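Chemist: The chain contents come next:
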Amino acid sequence: MKKSICLYFQVHQPTRLRLYRFFDIGKDSHYYDDFANRTILKRIAQKCYLPMNELLLEAIKETKGAFKVAFSITGSALEQFDRYAPEVIDSFRALAQTGSVEFLGETYYHSLASLMSPAEFKHQVEKHKLAIEQYFGVKPVSFRNTELVYSDAIGDAVYELGYKTMLTEGARHIMGWRSPNYIYTDDIQPKLKLLLRNYQLSDDIAFRFSDRGWGDWPLTTEKFLDWMKSGVADGGDIINLFMDYETFGEHQSAQSGIFDFMRALPGTVLADGTFEFVTPARAARKHKAIDSLSVPEAISWADEERDVTAWLGNELQNDAFSKLYGLTEKLSILNDPVLWSDFGHLQESDHLYYMCTKFFSDGEVHKYFNPYDTPYEAFINYMNVLSDFTIRTDEAYDLKTNENN
Amino acid sequence: MRVLMFGWEFPPHIAGGLGTACEGIVKGLAYNGVETLFVMPSASGDEDQSATTIINASDVAVDTVSSTVDEFLDKVKFIHIDSNLVPYVNPDEFETLVEEERRRQVKDFHVQYGTKFKFSGKYGANLMEEVARYAMVGGTIAMQHKDEFDVIHAHDWLTYLAGIAAKELTGKPLVVHVHATSYDRGDEKHIDTRVLDIETRGMLAADRVVTVSDLTRNIVVNKYHIDPAKVVTVHNAVDFSGRENLRVERGVKDKVVTFLGRITFQKGPEYFIEAAAKVLKRTENVRFVMAGSGDMMNRCIRHVARLGISDRFHFTGFLRGTDVQKMFALSDVYIMPSVSEPFGISPLEAMRTNVPSIISHQSGAAEILKYAFKVDFWDVDNLADDIYALLQYPALSHFAAVNGFDEVNALKWNGATAKLKKVYESLV
Chain U
-15 MKKSICLYFQ VHQPTRLRLY RFFDIGKDSH YYDDFANRTI LKRIAQKCYL PMNELLLEAI
45 KETKGAFKVA FSITGSALEQ FDRYAPEVID SFRALAQTGS VEFLGETYYH SLASLMSPAE
105 FKHQVEKHKL AIEQYFGVKP VSFRNTELVY SDAIGDAVYE LGYKTMLTEG ARHIMGWRSP
165 NYIYTDDIQP KLKLLLRNYQ LSDDIAFRFS DRGWGDWPLT TEKFLDWMKS GVADGGDIIN
225 LFMDYETFGE HQSAQSGIFD FMRALPGTVL ADGTFEFVTP ARAARKHKAI DSLSVPEAIS
285 WADEERDVTA WLGNELQNDA FSKLYGLTEK LSILNDPVLW SDFGHLQESD HLYYMCTKFF
345 SDGEVHKYFN PYDTPYEAFI NYMNVLSDFT IRTDEAYDLK TNENN
Chain X
103 MRVLMFGWEF PPHIAGGLGT ACEGIVKGLA YNGVETLFVM PSASGDEDQS ATTIINASDV
163 AVDTVSSTVD EFLDKVKFIH IDSNLVPYVN PDEFETLVEE ERRRQVKDFH VQYGTKFKFS
223 GKYGANLMEE VARYAMVGGT IAMQHKDEFD VIHAHDWLTY LAGIAAKELT GKPLVVHVHA
283 TSYDRGDEKH IDTRVLDIET RGMLAADRVV TVSDLTRNIV VNKYHIDPAK VVTVHNAVDF
343 SGRENLRVER GVKDKVVTFL GRITFQKGPE YFIEAAAKVL KRTENVRFVM AGSGDMMNRC
403 IRHVARLGIS DRFHFTGFLR GTDVQKMFAL SDVYIMPSVS EPFGISPLEA MRTNVPSIIS
463 HQSGAAEILK YAFKVDFWDV DNLADDIYAL LQYPALSHFA AVNGFDEVNA LKWNGATAKL
523 KKVYESLV
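Chains U and X, in that order, are what the protein sequence lines are.
Note that my numbering gives residue 65 to position 81 of the first sequence, counting from 1, and the numbers run on in steps of one.
Note that my numbering gives residue 476 to position 374 of the second sequence, counting from 1, and the numbers run on in steps of one.
Misleading hints may appear alongside valid ones.
[To be verified] List of simulated lysine to any residue pairs, SDA-like, C-alpha gap at most 20 Å:
| no. | chain 1 | residue 1 | chain 2 | residue 2 |
| --- | --- | --- | --- | --- |
| 1 | X | 357 | U | 342 |
| 2 | X | 357 | U | 5 |
| 3 | X | 355 | U | 163 |
| 4 | X | 357 | U | 374 |
| 5 | X | 355 | U | 386 |
| 6 | U | 11 | X | 349 |
| 7 | U | 307 | X | 402 |
| 8 | U | 11 | X | 427 |
| 9 | U | 314 | X | 386 |
| 10 | U | 307 | X | 404 |
| 11 | U | 270 | U | 163 |
| 12 | U | 11 | X | 352 |
| 13 | U | 307 | X | 379 |
| 14 | U | 342 | X | 408 |
| 15 | X | 355 | U | 7 |
| 16 | X | 355 | U | 8 |
| 17 | X | 355 | U | 380 |
FYI, nobody ran anything at the bench for these hints, they're computed from the structure.
These numbers were taken from a predicted model, which means no experiment stands behind them.
Generate the whole structure from the sequences, applying the supplied hints.
Modeler: Structural data, given as structure tokens:
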């Protein structure tokens, strides 16, 4: 039996907030920076989504379906494609129709609801499933949580929602001496199969590819194939290469040669014969689980720590998170679609990420694409928006309870 | 009577209360028949010059003729001792070092000061350098306008060296105006000794020292050891002309309790946060706003988040122009919990907008305001109680608003500057 390579790409765009001041609270309930969102989305579509989708489609045709990939596309991204770049949806649909592309399930709003509210988590997972069926005519059977966040309990919840396969990070502190190149199962739900990201090889492409200071620059498909082969030489069934789709054209520019690399990769791999490409669902059927994996505390694919401190590591993030989810009960009673939509967008994990103070020292800009100059600005802006949202929720709720009396 | 006045900032480009006070002073002096030439490091051209003539120090070129330079440095007799001079030298070595330093400064003077120097007029990393250069330029301006003024008036430590230079070169009397002291700005262990040195020098060289409150006068007499006969209190006032009360539509229905000022240790922001947390335990329909920015802002944001009140406690960032009035118009209570406030103009502005104010005893404003509530800055319980009372008992809040308005309306700069004029006249 051949060894497997599983390629998975995440597609997400946050719904960025506009500059929202204290004076706006109670007066203006339009929270989003439509202009920035539109500009950024169209740019990334040109640099990344469209050219890369075309490349993948070509590869699938040329290899007669032997080349396979998986995507997860968030609801937030789908809404923006719909509004600003519908041709992107068309190009993903073309990929769906080849039968060689799997679409994964996740939370509609790229949220961390799995850490806070089981009800909200379920709500978003089901909303996402419907959206994928609606846009691409396929039903997701494998799952990835936001930023590959996973724990035993989360895995269990995902299984209860109807998924048998889940993707997460092969984090060092969980793996110990074990290799991510096997299938594992959830410690408390043995029927859930886990695919673990091989972060070393994934990051070789996603981060180090264009780094001229890297010892192994430039990366060729032959070299990379050799590494993958060594990865399974002493045992190992599958190499899981999971990364952000923006790697192709945005984080790694076209000039770096990343497109050429990906164009050559299927051919190089298939000609060698050690590996075949699989989708996550296929991988779970093909390989037996070697062991269960105990993950009591949530892990993720973020930062060195591979935990959730990128979003819930400081007081700002924790307070914002708890104030946000404090509204779930009232919102459930109101069941107003407009409020649900705003609530969903406010749950996008990016908002919390912008408040991260881990690499911050006064005056330093934290991150690529972070619209704020400091995490404190991010927090203030977010809390102003949340205050207005809370007022609207409370008012609607008071109105409803008065009606009932 | 004509005055050469050295300032640092002037509206509309201000960072704190100093610029506002200076504007009030020149207008009040004009009302009292005193002409002023107002020198500032970096004027932007959109200042209101109806009551004064503004001289932009960035526009003034200092002469490079060496005899003037020597005469200048000789007369002024201050040597900018660099911080890397080692204190442990014997007298001979010290003489040599000083002489070398002096020669270096003359060289520097030619090389760097020979032309105009573009001051930033801000409070940045090279503040000390700007202050020293301002002194050079100030002296030059004084010489250029020698026959156009009778008295020199320098505002706060930033300008004292310029004032001293002007006095040395023209022989005219010097008044220094103490709006704040190092002892207000920080605790005693962390005082910047260079600033302290300049403050002391200014006060010693001056013919009169004007302080903005008795609180400050006491600090000047007791901590700087200045002869009390030389020190005079002239309380600040506030200028309301041209600023009609804004009609602002309220966004939030809750009551709003506001802190407006620099978010720094001196202003006691953390006491405000603690009091807010206490009030929020007892009542719901209130929001707290911290308007301004400063070195403690990030720390305060974290503090608020840690207390779990960030849904009711808002930060607006630095407010400019009409946003300040807008903020007052939206407020129900104004707080100034300063640890040490030489005067504190902002509660006057609040009260003028019919907003009841709570201020700390440790402020100059507390000396003259009857209808502001006063607490010790550290007494968070008392502060919370007063806030709660003003929010819950409309009779109290109405009483404070109406009487506060009347009281503050009478505190005009015209009165304060009449006193200043008397000070000038006593020196000429």
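Chemist: Of the numbered hints stated earlier in the document, which are not met by this structure?
Modeler: The structure breaks hints 1 and 3; every other hint is satisfied.
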